[in-house]
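Visitor: Chain residues, written in single-letter form:
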Amino acid sequence: MTVHGVSDIFRRVLETPEIDAESDFFRLGGDSLLATRVLSAVARTYGVELTYYDFVLTPTPVGLATRIAGEAP
Amino acid sequence: MNVVVVGAGLAGLTAASDLAAAGVGVTVLEARDRVGGRTHGIEVAPGSWVDAGAAYLGDRHTALNAMLTELGLKKTPTRMTGRSRFALGSGDGTQLGRFPPLNAVALGEMFDLLADLTAVVRVDAPWLTPDAARLDSLTTAEWAEQHLHHPDARLFFPLFLGEMMAADPADVSVLHLAFYLRSGGGTRYLNAFEGGAQQDRVDGGAHQLCEALAARLGERVRLGEPVRAIHQDDDGPIVHSDRGRLRCDAVVVAVPPLLADDIEHRPDVPVRRAGERTARGCAVKVQLVYAEPLWRAHGLSGWSVNANGPLLSTVDDSPATGGAGVLTGFVTGGEARRFSALSADEQRREAAAQAAGLFPQLPPPIGIHVTDWLDADYSRGCYAALHGPGDWVRLGPHLTTPHRRVHWAGTETSTEFFGLMEGAIRSGHRVATEILTSYSSTGRSR
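Read top to bottom, the protein sequences are chains E and B. Using this note's numbering, the first residue of the first sequence is number 29, and each one after it goes up by one. Using this note's numbering, the first residue of the second sequence is number 8, and each one after it goes up by one.
Looking at chain E on its own, in the form it has when it is part of the complex (with noise of 0.2 Å):
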């Protein structure tokens, strides 16, 4: 489910159809600035604060949505 809610954040964000649960965020031309609001859609839709470098680690659905299990209140 995560997985899906965290694509289509993707898709918004980068104005792109093109996202599976293993598209790198960076290689399809986001950035840090962009990163930052997929962070910010992440807090708002799953109540989690992940940081910078937790999506410079895992930049994609499969990992921000692990990440997210590990952290959800």
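I should point out that these hints are in silico values taken from the structure, not numbers from a laboratory.
Covered stretches of chain B, going by a simulated chain E footprint (3 or more residues, C-beta under 8 Å):
{"id": "1", "region": "98-108"}
{"id": "2", "region": "118-130"}
{"id": "3", "region": "184-198"}
What the simulated footprint calls covered on chain E by chain B, stretch by stretch (three residues with Cβ under 8 Å from a Cβ of chain B suffice, anywhere in the stretch; the number is not a length):
{"id": "4", "region": "60-68"}
{"id": "5", "region": "76-83"}
Bear in mind the structure is a predicted one, so any value in this text is a computation, not a measurement. Here a beta-carbon is modelled for each residue, glycine too, at the ideal position from N, C-alpha and C.
Put chain B on the given structure of chain E with help from the hints.
Guide: Leaving out everything else, chain B in the frame of chain E:
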């Protein structure tokens, strides 16, 4: 047909070149003793030039890229590898990349809000944006007060605005901010180096653009000749400069709005070029020169972001040809106003002290060049004019409307890439086409 172009910056020289190529007689009158306007090169070491004014470009700057190709000038990528320095209060540190050690979620919320604003603005006609009157009545300082709650967002917003548009948040309306970001290709594009508006520099300096255009125009470009008045009668315009009078068929005024309003018009213009709240772009560029880019050996990129001035950010601007290492410091917004009022010695002392604190690994710079655009009489600010509350709604509809035979150019007349070199060039092409189509019946004689 004969056209007088006022201002030998990128806009004026682009227009003059297009008109000359179409067989029109042109005379370019420039107040300074140099061409280039807000592009300006400094030779920091023999044969090594840096940009003291406009510097950067990206792939979407198609008119500028075409001009570089046509003039045989080359680009060089902006270098950004290694760790960056951040002096942001609690967010201090040295780390990889440009992302500051601040709360990412808070910054993301700020960029979300900016994305919402840029999405609604009518970029081709900001005064027609839904809710334009309200967005044009608020300053971005008031907007930030209402919408930004996290201390890290409040700390970062003025720094972001300073870097993006050399503005203090109290200077610009929300409508102008939204328009500016959208006009430049969106926040991500404007902010980015690789893949964005700072991807490249002109190898050897952006000042070469105007120098090359002026060289082709030769004696048709006249320096040191400020224009004081433009009078129009039934026979057309007469341009009054400090050296005399020139009768012509049309005039292009290609200087920034605050400067354009110093020209006396008879009959008077129905609407001024600047509004009551239009302010000077607040930028002072400080170039710290070293024997070579010494920070690279320490794994540093040269990039820094700082909550306290004078240098609110620094970037590695070393000439690609070698010969020197250059850190360019940006003094922007309210800090630029304070810094501009200091003596030259105080400016250099403050800049050197800050560089020593940021980069203790480095020896003192062997040269410090301060270029103050705030007090530049024939620019009146840089990067571009800052439109404050009320300006867009009142001025916008008249942005490019000719005053009889007086036509307007300059980056501030371009709704595409406003405030950038690209906007200046596009405005020059636009005004040349405007003249060639308006007076086609006049013919090419005279």
